[in-house]
Amino acid sequence: MTALQAALANKRVLICVGSGGVGKTTVAATLALRAAVDGRPSIVCTIDPAKRLANSLGLSGLGNTEAEVPASALEPLGVTPKAALHAMMLDMKATWDDLITRVAPPEQRERIFANRFYQSLSTALAGSQEYIAMEKVWDLRRRTDYELVVLDTPPTAHALDFLDAPNRVLDFLDNEAAKWLLTPALKAGKVGLSLFNLGGSYVTRALSRFTGTEMLQELSSFMLTLSSMNEGFRERARGVRELLEDKSTGFVLVTSPNPERLDEAIHFHKLLRQNRMEMTAIVVNRVHPLPTQAEWADAATLTPTRRAKVEETLRELQVLAQQDLEGMAQLRAACPGTPLIQVPRFGLDVHDLVALWGTGRYLLGDDVLA
Amino acid sequence: MAGLLDKRLWIVSGKGGVGKTTVAAALALASVRAGRRTLVCEVNTQERVSRLLERPEAGPEVKLLEENLWAVDVRPQEAMREYGLMVLRFETLYKTVFENRLVRYFLRFIPSLQELVLLGKILFHLQEKLPDGRWKYDTLVLDAPATGHAISFLSVPQVLLQTVPPGPMTREALKMRDLLVDPTVTAAVLVALPEEMPVNEALELHAALKDRVHIRTHAAVLNQAFPQRFTEADLEALAGHPELKRVAQAHHDRASQAVLAGTKLERNLHAPVYTVPRLFVPSFGREAVETVMGHLNALVTGGTGA
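Chains W and S are the protein sequences, given in the same order. Note that the first sequence covers residues 1 to 370 in this note's numbering. Note that the second sequence covers residues 1001 to 1306 in this note's numbering.
Hints in this document: simulated from the structure, not taken from any laboratory. Just so we're clear, the structure is a prediction, and the values are computed from it rather than from any experiment. One should not assume that every hint holds.
Okay, derived cross-link-like pairs now, DSS-like style, lysine-lysine, Cα gap no bigger than 25 Å in a straight line [to be verified]:
id: 1; chain 1: W; residue 1: K51; chain 2: S; residue 2: K1245
id: 2; chain 1: S; residue 1: K1245; chain 2: S; residue 2: K1210
id: 3; chain 1: W; residue 1: K270; chain 2: W; residue 2: K247
id: 4; chain 1: S; residue 1: K1136; chain 2: S; residue 2: K1095
id: 5; chain 1: W; residue 1: K51; chain 2: S; residue 2: K1210
id: 6; chain 1: S; residue 1: K1175; chain 2: W; residue 2: K93
id: 7; chain 1: W; residue 1: K51; chain 2: W; residue 2: K93
id: 8; chain 1: S; residue 1: K1210; chain 2: S; residue 2: K1095
id: 9; chain 1: S; residue 1: K1063; chain 2: S; residue 2: K1129
id: 10; chain 1: S; residue 1: K1175; chain 2: S; residue 2: K1129
id: 11; chain 1: S; residue 1: K1245; chain 2: W; residue 2: K309
id: 12; chain 1: S; residue 1: K1175; chain 2: S; residue 2: K1136
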C-alpha cells in the first residue's frame, strides 16, 4: 500500500501545504475525490480554486458553506462514488465573523465587528488566514460526520506563519504579560486604561513615542474586549494546535521540481519535522518524463523538416526531464524517510474532474512515472 | 512607449512560481546596464537574486554585488531595529524598550507593524542621498511578494491611515503612501505564465493595485512562453506516430495558450506585454538571467515590445 493510499484509508485530516503556484488545490481536490469514491465521506476546503475547477466541483456562486458535489458531475469518470464528496470555498473574512459570532457574548459582537483592529485582524494580520483555515478544519471535524477533511492551505508567505498561527493566538490569551496587563482593568470594570496602570513608566512613554498614545489606548481596549472571550478562544486555539499534532492528521507537502520551489519545500519539510508534524508524503507536481528511445527512433523516420521540429521538441523535453531528475535527487537526499510521489506534467492545466482523476492515478500509485 | 528608466521604484509581482525573481534580477541588470546605481530588494524570503546572479549572498544589510548593483534581503527583525532606532534615536533607549518582554509581546499584536517596517526600510533606501545630493540608488527594484501578499503589503500605508489614530506610525504611513502613488516614481511590472491561473491573478493584481493602492501597471511580462512550432499540417502528418503526435500536440497547445494569454493580458491591462520565451538550459544562472534581460530591453529603455 502506498503512503497516500494508507492515508486516504486511515487519516481524518490531510493538510496540503507548499508555496504558491505548485498545484496544492488540485492535489487537495483529488485526494478528497478519491476518498469519496473509495467510500469515505469527504470534504475538500479550498481557498481560491481556478474557475473551471470550482465549476466542475459545483462550487461556483457559493459562499462560505459546504456543498455536495452532485453525483452527476462525477459521471464522466465512469465511477460510482461509494460516499458523498463535499467541497467548500473558504472565505477568510466570513470565517472570522462566524468564529466571533460563536465565541463572543451577544452584547459584545457588534462592538468587535466595528473595531478597526478587528477588521485588520481578520484580513491583514500575518498568520491570521492560516489560523482561520485551521480553525475551520477543527470546527468541521467536531461538528460534522466527514471521515476525511482535506485542507488546501492559503499560499503561505512564510512557512513559519502557518505553524505559528495557533501559537500566536494561544500566546495572546495565555501570556503572563497579557494577564498582568489586563487583569486589574477587568477587575475594576474599566476598559482601555490598563496599559497605563503601568503609569507614566519609562517603557510606556517610550513605546508611545513609537506608536502614538491613542494607538496604545485603542489597542489595549480591543484586547480587553477580546479577553472576555478568553475561554472560548482558548479552547478552540488549543483544539487547533492539538489537531495539528494529532496522529490522525497528516501533512502532504506539494511542490514542483524547479529549483526555487524545491528550496522552499525542503525548508518547509524541515520546519514541519521540527514541529513534530506527521509528513505523509511529498507530492512533486508537473514532473517532465524523459523522452523514450522509441520516440527518438520514431522521430528519425520523419521527413527532414518535421524530424527537425520533433527532435528539437524532444531535446527540450529531455533538458526539462533531466533538471527534474536532479531536483528529485536533491529532494530525496534532503527529506529522508518521507515518501516522494511524482505526478507528471499534463498537456494543459488540470481543471476538471477527468483531469483530477488522472492526477489521482499517480497520487495513489495506479500509474507511476517511469 | 516610455521605458521603466523614467521611474525609480520598479515593483515586480505576480502569482507564486511565475518567475518574479528572475524578472526582477533581469530588470536590475538592465538598469545597471543603463548606467544607473541599482538596489534590488527581496522581502523576508529565502534570498535568491544574489544566487541567480552567481554572487555571494547579500543578507539583511545592503551589500554591493558588483559595480553599480546592490542587493538586500529585507527581514523583519533587522528592519524593526532600524525603524525603532530611527524613531527612538538612541541605542540604549531602543534596548530598554524593545528588549522589554512586555513590549515585544505587545508589538506583535499591532496590526501590520511588521509590514510597515519592511516597506518603511525599502522606501527609506529609495530616498537615501549621497553627500553631493544625488540619489544613492537611481533605481530600486522590488521583488515583491506574490499576489495576495503583495496587495496587503503595498496597501499597508493606506490601511494604517484608515485604522490607526494619528501619531508617529501614521506620519510614516503617509510619507510611504505618497511615494507609492506617485506615478513619476513608482511603476508595477506584473509577471504571468501563459496559463489560466497566473493570467487571472495578474488581472486581479492589476485591479487591486489600481483601486486599493493607486499604483499603475506599467507593463506585463509573459514568462516561459512556448513559441509556435508545429503547423496543423505537421500535426496531421504525425497521425501515424501517436507518441510523437502527443508530444507535438502538447507543444502546439502550449504555444496557442501563450498567444491567448498575451492577448488577454493586453486587452485587460491596457499595458504592453513583453514575452520571454521558455529557456531550455541545464541550470538557471546568470547566463539565463542575461538572456531574459535581452527580451526585456524594450520594457526598460522604451520603444515597442519584443
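Each hint tested on the structure:
no.	hint	in the structure
1	W:K51 x S:K1245	violated, 29 Å
2	S:K1245 x S:K1210	violated, 44 Å
3	W:K270 x W:K247	holds, 19 Å
4	S:K1136 x S:K1095	violated, 29 Å
5	W:K51 x S:K1210	holds, 23 Å
6	S:K1175 x W:K93	violated, 29 Å
7	W:K51 x W:K93	holds, 20 Å
8	S:K1210 x S:K1095	violated, 40 Å
9	S:K1063 x S:K1129	holds, 16 Å
10	S:K1175 x S:K1129	holds, 17 Å
11	S:K1245 x W:K309	holds, 12 Å
12	S:K1175 x S:K1136	holds, 19 Å
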